[in-house]
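On the provided structure of chain B, position chain A as indicated by the hints.
For reference, the chains in residue letters:
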Amino acid sequence: MDNFLQYLVSGLSIGSLYSLVAIGLVVIYRSNRILNFAHGDVTTAGTFFAFFMLSSNFSFAVSAVAALVFGALIAMAFYFCILVPAQRRDATQLGQIILTVGLGLILQGAVQYFGGTEPQSFPFPLSEYIVYKIGVVSLSQLSLGTLAASLLSCFLFYLLVQKTRLGLAMRATSENLPAAQTLGIPTRRILAISWGLAAGLGVVAGLFLAPALLLDPFFMLEPFLKGFAAAILGGLNSLPGAIVGGLILGVAEALTGGFVSIAFKNSLAFIVIILVLLVRPEGLLGEEFKERV
Amino acid sequence: MPDDQRKSLLRITSIETLYFDRIYALHGLSLEVKEREIFAVLGPNGAGKTTLLKTIAGLLKDQPKKGAIEFGGKKIQRLAPERVASLGIVYVPEDRGLFRELTVAENLELGCWGRRDKEVNSDMEEVLGLFPILKGRSKQQAETLSGGEQQMLAIARALLRRPKLLMVDEPSLGLAPLMARTVYDALLKISKAGTTILLVEQNARLALSIAHYGYIMESGRIVLEGTAKELSENEDVQELYLGLGGETAASPKGWRLYKKRRRW
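Chains as they are written, first to last, in the working numbering: chain B, 1 to 293; chain A, 294 to 557.
Since the hints were made in silico from the structure, they are not lab data.
Note that the Cβ used here is the ideal one computed from N, Cα and C, for glycine as well.
Among these hints, one or two may not hold up.
Stated by the list, open to error - Think about it this way: if two alpha-carbon atoms lie no more than 20 Å apart in a straight line, the pair counts; the simulated SDA-like pairs of lysine to any residue are:
#  : chain 1 : residue 1 : chain 2 : residue 2
1  : A       : K354      : B       : V84
2  : A       : K432      : B       : R165
3  : A       : K432      : B       : L168
4  : B       : K163      : A       : E394
5  : B       : K163      : B       : I193
6  : A       : K432      : B       : G167
7  : B       : K163      : A       : E399
8  : A       : K354      : B       : L177
9  : A       : K358      : B       : R89
10 : A       : K354      : B       : I193
11 : A       : K354      : B       : A86
12 : A       : K354      : B       : L168
13 : A       : K358      : A       : T306
14 : B       : K163      : A       : L395
15 : A       : K432      : B       : V161
16 : A       : K354      : B       : F80
17 : A       : K411      : B       : I193
18 : A       : K358      : B       : R88
19 : A       : K300      : A       : L324
20 : A       : K354      : B       : Q87
21 : A       : K354      : B       : Q96
22 : B       : K163      : A       : A398
23 : A       : K354      : B       : V161
24 : A       : K354      : B       : R188
25 : B       : K163      : A       : K432
26 : A       : K354      : B       : T164
27 : A       : K358      : A       : R304
28 : A       : K432      : B       : T164
29 : A       : K354      : A       : E330
30 : A       : K354      : B       : R189
31 : A       : K354      : B       : P186
32 : A       : K354      : B       : R88
33 : A       : K457      : A       : G487
34 : A       : K354      : B       : R165
Claimed, not checked - Computed list of chain A residues with no C-beta within reach of chain B, every gap over 10 Å:
#  : residue
35 : S379
36 : S502
37 : T520
38 : D529
39 : L533
Same shape as in the complex, but just chain A:
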């Protein structure tokens, strides 16, 4: 549960990100991520969830146009992606961002880029302990892995950078439910070990099962926020994201003649 004693790690204040200088993807969005917790950003397609993560990671050139992103008290908006990465923000993109032609071992080695400390080897062991399946596949090209294994590799590689903030975009995308569960269990373990996680997900049920705090995003804005418990009990969230309730309002034929008004 979020308690106010915890330090805020990432603070975003009313950022605006535009595509082609005129299409608003993020529309004055603010949110806060506190240390050592799992934060989930939920929302439908096109809400701007991925844009949010890309903006933080610095992958969108000259964006955000307005607003501030503070990481550990330092302004990081509009920095080059390499600089953002060097501050300890690691982004696992939706397509997993693997080097497909390189082997699993090489992908992991690239995760240690720039690290000179002696703990690289023990970290590698630890990561492989978290995802034992990768150990047997170290000589295989990354593109030959299954979707779930690729996701694990992407998260493992991100962990080797010792992130202060791990941003994961749709980790359950395209995975069988059981595989998605495995990935989520791993995320929970990573969080318990002390890494802050910012999670973007369409699968609200899965995300809220491990998150401490959640934001609901629609058309570039945060429309609702609360602890995971509050959100899962919220009537609108239940109906629109969890597929529960609202049955009384449906007609006997199975559809409703009016659109339920949201209260945000």
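Extracted from the complex, chain B is given alone in its bound form:
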């Protein structure tokens, strides 16, 4: 039982990061109807930016904020300079998805060029080795911080989407683009902001993943795939679904790793997804787009 609680909590902590990655993917899917395969690489680029800032002796807070802005700027630049012109020329959805793959590869190359391929340890104010004991569960400072930071980010993002006018415009734009246009909502700007926010959430996840893993140009590949899986698990068009999907995936992974075998950690998580999708093809909280006259 004690072990179970322990695995549950550490699963939630890592799962909350998957949730952040998944939210970024879902935001883009909902508003643009495309999958953003560059999400992981934008995150990597942002995290490396923080790494460089830290190496040049900036404080962690400054570096983190700068990394968020840097990641957001890359995503917004991609939207305005590549995706919008492509959409103007009637690019198909598949074509646009390939464009994100291209962006991902370009960023990967750039990160390798500027950051080197050697794994580096990421200096982080929270330590993995300071462990707190809460009841029967022991939690490292890092996991605790991860859990707090990602839940806070999710909550702030929820407030933004549900309670502000910007969020209202974002929901409207992603639901019915032509209607939003005819109401005079600046949809391009709103979509660009969505890209920026999605990338920002991704970079938050990257910043907390980097100290746990080692920082190299491919360190986001696995978390990106897990976030992707979490998004699909929750239903690709549901924001609460992304959060729930990420948490379930994290917990499933931790429980398998703990009780079965660490070798099965990744496979069983994905088996869970397959099972869920067999029963509910639209995902846990997803809704199929349906038409009604």
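Chain A only, in chain B's frame:
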């Protein structure tokens, strides 16, 4: 009745809209909409009525290929839909263009987007006064409304933008006759309050009952125009659109062996 003193609000001169660069949807169409009147565009399926409204609203990219659309003396063809909307042309599409997952109140709030004047609240009251049924449903998701209520919400939301020209596409589509009548009465009230309305409709009888002036459209062209009275008295319109007359020409079995030649 249209009198020539009234200023023309929208003037369309021989526009051509193509789909996929080769299918003509609008074929050198011209029409004029004057201030403070209700204009109806009637026609059968596939005549290009919706395409006409979409072209005006700027929703068809790079269309019209040729011709000019002037709104209040300003050329607006090929502008982005956001720009057209900001000039005061509001388009209520056939599918009503609601945000289905958002509540009625949120839909209405989005109608006020970009407005900073102090009259937003009084406008909201006025609109809810026009469609009182929406008041009780403000927390409901738009997709849970009935068809007629959705149409009312769409028109209410459009009104909050204070349109100079309100373009409504088939407001009676899929509505029970009584509901359609309610929507049309509301349109008449809106027009009396000073908004110009361009109406596209298949239900000619309903449209001509409130319109001042009408255009009959077929295969991308205007084939006949006139005041509502002239049109409802026109023999061809009566037979083809209002389902009146022509009985003498029908055979005893109930069908005609030849197609009556139209005079346009």
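(request) Mind listing which of the numbered hints don't hold for this structure, in increasing order? (result) Violated hints (numbers, rising): 10, 12, 17, 23, 26, 29, 34, 35; every other hint is consistent with the structure.
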